[in-house]
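> Take the sequences, apply the hints, and build the full model.
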Amino acid sequence: MLRTFFAALTALLFALAPAAAKEVTLQQGRLTLNANLELADGRTTRDGVLLITHGTLAHNRMELIAALQKLLKARGINTLAINLSLGISNRHNMYDCNQPMRHRHIDALDEIGAWVAWLKDNGAQTIWLLGHSRGGNQTAWFAATRPAPEVKKVILLSPMTWDEKRAASAYKTRFGAPLAPMLAQARDFARAGHGGEPMELPGILYCKNGRATPESFLSYHAPDKRLNTPWWLDKIKIPVLVIAGGEDKTVPDLARQVKPLADGRHVMLKVIDDADHFYRDFAAEDAADAIAGFLNDQP
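Heads up: the sequence shown runs through residues 988 to 1286, numbered per my numbering.
Simulated from the structure, these hints should not be mistaken for laboratory data.
Misleading hints may appear alongside valid ones.
[Said to hold, decoys possible] Derived CB-CB ranges, DEER-like:
hint : residue 1 : residue 2 : range
1    : 1183      : 1015      : 14 to 20 Å
2    : 1009      : 1181      : 39 to 45 Å
3    : 1284      : 1061      : 17 to 23 Å
4    : 1100      : 1075      : 15 to 21 Å
5    : 1079      : 1184      : 25 to 31 Å
6    : 1029      : 1284      : 19 to 25 Å
7    : 1016      : 1085      : 22 to 28 Å
8    : 1015      : 1233      : 34 to 40 Å
9    : 1135      : 1178      : 31 to 37 Å
On a predicted model such as this, the values are computed, not experimentally measured, just so you know.
Idealized CB from N, CA, C, for every residue including glycine.
This is how it looks when you write it as structure tokens:
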């Protein structure tokens, strides 16, 4: 009872706190997770919070995420930009490619869920989700498979798309080695009971000559239709806004894939013509306008 009382008191004080930016943390097993909370002027967590997940091996203070938090704060929207741990306690900055990779693509779902629970415990009765790039896929995956009544809307900002042939070609171009033999080797190691032991690789994700566990390598590079974010859209039961950049070379097929699914009610598509994958300069303003309009439009 006493623990419940203090938890409720903490949530009340947090919800009534003045607008501020602060780093917050929570414990998930052996890992400390951290995030940057931005409360708009005159707002508390009870006014709703947008949970933002960054892209591949990135972090919550990268230029795009920091810009979005600033721009959305000016539009009266509270945000919580999380750092995915990627297996490192209290991680900040870009992932160090010298670290052996033990994390998996789907680990993000547990961490998003932990932050959703944290927001709920700290007064947020309305939660929205936003993910950029790979974080967009992880956000869509979470929204489709782990629905929560507090989560009302989803925004996917240039979420990753995936195609098996394109993925294999990109791996060979980036690392100078074919993907298929590395996938076969990783599967053999995993079947032999060594799925958690780092193996030498030509590369993984953006890291050349990296080391990663077979489980980690397979989670990011094995063929899996679930890595193609549009595949999730009809499985998410709450409104979804997909934002695509007209000059985005990283996911150039996004708008083409989403258009047939965008009905203007359940799935919305916004193309920002001059935006690249990272929404630099005025494209970030356009993205913030689209996000604010979507969140302020009552269902």
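> Determine for every hint whether it applies to the structure shown.
Against the structure, the hints:
Under the hint 14 to 20 Å, the C-beta atoms of residue 1183 and residue 1015, about 19 Å apart, fit the expected range. Range check, residue 1009 to residue 1181: about 42 Å between beta-carbon atoms, so the 39 to 45 Å window is met. Evaluation of the 17 to 23 Å hint for residue 1284 and residue 1061 yields a pass: the beta carbon distance comes to about 19 Å. Taken as a hint, the range 15 to 21 Å holds for the pair residue 1100 and residue 1075, whose Cβ atoms sit roughly 19 Å apart.
For residue 1079 and residue 1184, the hinted distance range of 25 to 31 Å is satisfied, since their beta carbons lie about 27 Å from each other. Taking the beta carbon of each, residue 1029 and residue 1284 are about 21 Å apart, inside 19 to 25 Å as hinted. As the Cβ distance of residue 1016 to residue 1085 is approximately 24 Å, the hint placing it in 22 to 28 Å holds. Evaluation of the 34 to 40 Å hint for residue 1015 and residue 1233 yields a pass: the beta carbon distance comes to about 38 Å.
Range check, residue 1135 to residue 1178: Cβ separation about 36 Å, and the 31 to 37 Å hint holds.
Of the numbered hints stated above, none is contradicted by the structure.
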